[in-house]
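Residue numbers (this note's numbering), protein chains in the order written: chain S, 1 to 258; chain C, 1 to 277.
Think of the hints as simulated: they come from the structure by calculation, not from any bench. Don't take each hint at face value.
[To be verified] Dumping the calculated EDC-like pairs for lysine to aspartate or glutamate here, alpha-carbon to alpha-carbon at most 20 Å:
1) S/K16 - S/D36
2) C/K82 - S/D67
3) C/K210 - S/D36
[What the hints assert, rightly or not] Sample of chain C residues facing chain S (criterion: CB under 10 Å; computed from the structure):
4) R11
5) V33
6) F148
7) S157
8) D159
9) R166
10) P169
11) R171
12) Y211
13) L215
14) S257
15) Q260
We treat Cβ as the ideally placed atom computed from N, Cα and C, and that holds for glycine.
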Amino acid sequence: MPDTKPVFQKLKNIIKLKNVWFSYNGQPVLKEVSFDVRQGEFLAIIGPNGGGKTTLLKLMLGLIKPDQGAIRVMGCTPPLSSPNIGYVPQDVHINSRFPISTLDVVLMGRLRHGRKLSRHSAKDRRDALQAIDKMGMNGFCDHRIGELSGGQRQRIFIARALVTNPEILFLDEPTSSIDTQGQADFFDLLKHLNRSITIVVVSHDLMMLSSHIKSIACVNQKVHYHDEAEITDEMVDMYHCPVELIAHGFPHRVLKKH
Amino acid sequence: MLEALQFEFMRNALMAGLLASLICGVIGTLVVVNRIAFFAGGIAHASYGGIGLSFFFGLPYLIGTMGFSIAAALFMAAITYKNRHRADTVIGVVWAAGMALGILLLDLTPGYNVDLMSYLFGSILSVPNAELWQMLVLCILLILTVAFYYNDLLAMSYDEEFARLRGVPVRLLYFLLIGMVAVSVVMIIRVVGLILVIALLTIPPYIAEKYSRSLLIMMVLSGILSALFTLAGLCFSYSFNLTSGASIIMVATTVFSLVQIFEYCQKPFRKKCDNQG
Numbered sequence: 001m002p003d004t005k006p007v008f009q010k011l012k013n014i015i016k017l018k019n020v021w022f023s024y025n026g027q028p029v030l031k032e033v034s035f036d037v038r039q040g041e042f043l044a045i046i047g048p049n050g051g052g053k054t055t056l057l058k059l060m061l062g063l064i065k066p067d068q069g070a071i072r073v074m075g076c077t078p079p080l081s082s083p084n085i086g087y088v089p090q091d092v093h094i095n096s097r098f099p100i101s102t103l104d105v106v107l108m109g110r111l112r113h114g115r116k117l118s119r120h121s122a123k124d125r126r127d128a129l130q131a132i133d134k135m136g137m138n139g140f141c142d143h144r145i146g147e148l149s150g151g152q153r154q155r156i157f158i159a160r161a162l163v164t165n166p167e168i169l170f171l172d173e174p175t176s177s178i179d180t181q182g183q184a185d186f187f188d189l190l191k192h193l194n195r196s197i198t199i200v201v202v203s204h205d206l207m208m209l210s211s212h213i214k215s216i217a218c219v220n221q222k223v224h225y226h227d228e229a230e231i232t233d234e235m236v237d238m239y240h241c242p243v244e245l246i247a248h249g250f251p252h253r254v255l256k257k258h
Numbered sequence: 001m002l003e004a005l006q007f008e009f010m011r012n013a014l015m016a017g018l019l020a021s022l023i024c025g026v027i028g029t030l031v032v033v034n035r036i037a038f039f040a041g042g043i044a045h046a047s048y049g050g051i052g053l054s055f056f057f058g059l060p061y062l063i064g065t066m067g068f069s070i071a072a073a074l075f076m077a078a079i080t081y082k083n084r085h086r087a088d089t090v091i092g093v094v095w096a097a098g099m100a101l102g103i104l105l106l107d108l109t110p111g112y113n114v115d116l117m118s119y120l121f122g123s124i125l126s127v128p129n130a131e132l133w134q135m136l137v138l139c140i141l142l143i144l145t146v147a148f149y150y151n152d153l154l155a156m157s158y159d160e161e162f163a164r165l166r167g168v169p170v171r172l173l174y175f176l177l178i179g180m181v182a183v184s185v186v187m188i189i190r191v192v193g194l195i196l197v198i199a200l201l202t203i204p205p206y207i208a209e210k211y212s213r214s215l216l217i218m219m220v221l222s223g224i225l226s227a228l229f230t231l232a233g234l235c236f237s238y239s240f241n242l243t244s245g246a247s248i249i250m251v252a253t254t255v256f257s258l259v260q261i262f263e264y265c266q267k268p269f270r271k272k273c274d275n276q277g
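Throw the hints in and build the complete structure from the sequences for me.
What follows is the structure, encoded as structure tokens:
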């Protein structure tokens with residue numbers, strides 16, 4: 001297997017959270033969250049539903065502000081870093097009838113704050129087509145987004161997130177509408193992207209964590225961060241249920257007794 | 001039929017109908033894709049309060065009605081923006097309150113007042129030239145605004161969260177959209193009536209959506225469809241001496257039903273093709 005050239009010259013903490021608290025309607029959702037994410041990492045955020053995973057993601061994206069504590073993404077507070085962030089939201093089928101082509105969906109990634117006229121430039125179109133090509137979705141530019149399968153849609157959403165060459169890619173439950181084989185292919189794709197982009201994936205399904213994952217953050221109001229992709233008693237207790245693992249290739253995971 | 005065109009009122013009715021169709025095509029598309037048809041209905045009904053206000057205080061129609069409608073619309077927008085789950089209840093309240101306010105104010109105004117029937121079904125056959133010019137100006141302004149913000153509006157309508165993340169001023173655009181709906185609704189009610197406004201805002205875009213590959217195409221198709229409905233409706237009302245507004249609605253509804261039946265019948269054929277393919 002060919003050696004991949006290291007893209008990152010020095011490892012630095014690209015995301016920093018310190019003592020972050022967040023409540024919703026007076027109910028605490030996240031407490032005392034402190035951890036750092038290194039550049040080049042492939043982080044999985046896991047945890048039970050309602051535990052605060054999506055909230056944590058939204059805090060890192062800058063869509064919501066913490067009640068207490070500090071968050072720094074690439075050195076600034078999240079809303080300011082958003083031009084350099086790629087975001088792939090969960091594929092909810094609400095707008096599947098929407099009259100929009102896949103090219104226009106990807107072009108949405110080129111929008112930015114303070115653009116005078118909201119017309120896309122020729123460069124915008126070129127970059128969008130390039131991103132679509134990178135995702136192997138070349139023939140689909142004019143198709144309506146609703147005509148695509150779940151897996152194809154996800155590729156388009158990734159293209160939309162990549163069109164501005166982000167430093168970090170955030171994905172929210174990206175495999176919820178993809179079948180098992182598709183999921184394996186999907187994580188291979190993410191591993192390929194991880195060579196030059198830091199990746200943060202939110203997933204509530206421990207069963208489908210790929211071995212490509214480098215680190216794990218378990219969220220259930222509090223966050224336990226694990227540098228190695230190893231399941232510990234702590235994590236198992238948090239889920240309050242037995243967990244199974246599927247490993248690709250050489251398993252480097254250990255399932256603790258429970 | 002064509003001899004009707006020698007009458008100025010008929011020519012004006014045609015122009016008014018066409019301008020209304022154009023406005024409804026653009027704004028109606030945005031209403032349907034943003035799922036704010038009920039909101040538009042609320043604005044339309046609440047605007048009756050503005051009419052009451054205009055008569056009671058002796059204000060010029062445009063200022064009184066437009067001002068009140070925009071205020072009511074922005075008020076509803078402010079409340080519903082934060083609380084999407086109970087939005088329809090709030091709209092329902094303003095809907096009824098606005099209308100009731102209008103009726104009460106008209107009760108208290110001495111003299112001859114505009115009657116409710118012409119408000120419900122419009123007075124397309126008595127459109128003065130001045131109003132045609134106002135509609136034309138409004139139409140141009142609306143199209144220019146939508147063209148300027150097209151990609152931002154598209155992003156907001158399709159994926160608001162992503163748009164916000166990219167720095168699109170989503171909140172501002174939402175209020176702008178509601179403002180445009182309010183202004184359009186008030187202008188068009190005068191011409192085609194309260195009942196018809198909602199029909200023209202929703203039926204053509206609903207039909208057009210299936211056949212549109214982009215929002216722009218949907219707007220153009222909706223505009224063309226509502227123009228055709230208006231034309232046919234006016235023809236029927238002239239030939240058979242029927243209420244013009246209601247005739248237009250019936251044409252739109254008939255086509256809507258035919259399209260639905262056509263879609264339904266196509267399904268087993270499609271399945272057969274998929275099985276054989």
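Cross-check of the supplied hints:
{"no.": "1", "hint": "S/K16 - S/D36", "verdict": "holds, 5 Å"}
{"no.": "2", "hint": "C/K82 - S/D67", "verdict": "holds, 19 Å"}
{"no.": "3", "hint": "C/K210 - S/D36", "verdict": "violated, 47 Å"}
{"no.": "4", "hint": "R11", "verdict": "violated, 34 Å"}
{"no.": "5", "hint": "V33", "verdict": "holds, 6 Å"}
{"no.": "6", "hint": "F148", "verdict": "holds, 7 Å"}
{"no.": "7", "hint": "S157", "verdict": "holds, 8 Å"}
{"no.": "8", "hint": "D159", "verdict": "holds, 7 Å"}
{"no.": "9", "hint": "R166", "verdict": "holds, 4 Å"}
{"no.": "10", "hint": "P169", "verdict": "holds, 8 Å"}
{"no.": "11", "hint": "R171", "verdict": "violated, 13 Å"}
{"no.": "12", "hint": "Y211", "verdict": "holds, 9 Å"}
{"no.": "13", "hint": "L215", "verdict": "holds, 6 Å"}
{"no.": "14", "hint": "S257", "verdict": "violated, 19 Å"}
{"no.": "15", "hint": "Q260", "verdict": "violated, 15 Å"}
Hint violations for this structure: numbers 3, 4, 11, 14, 15, all remaining hints satisfied.
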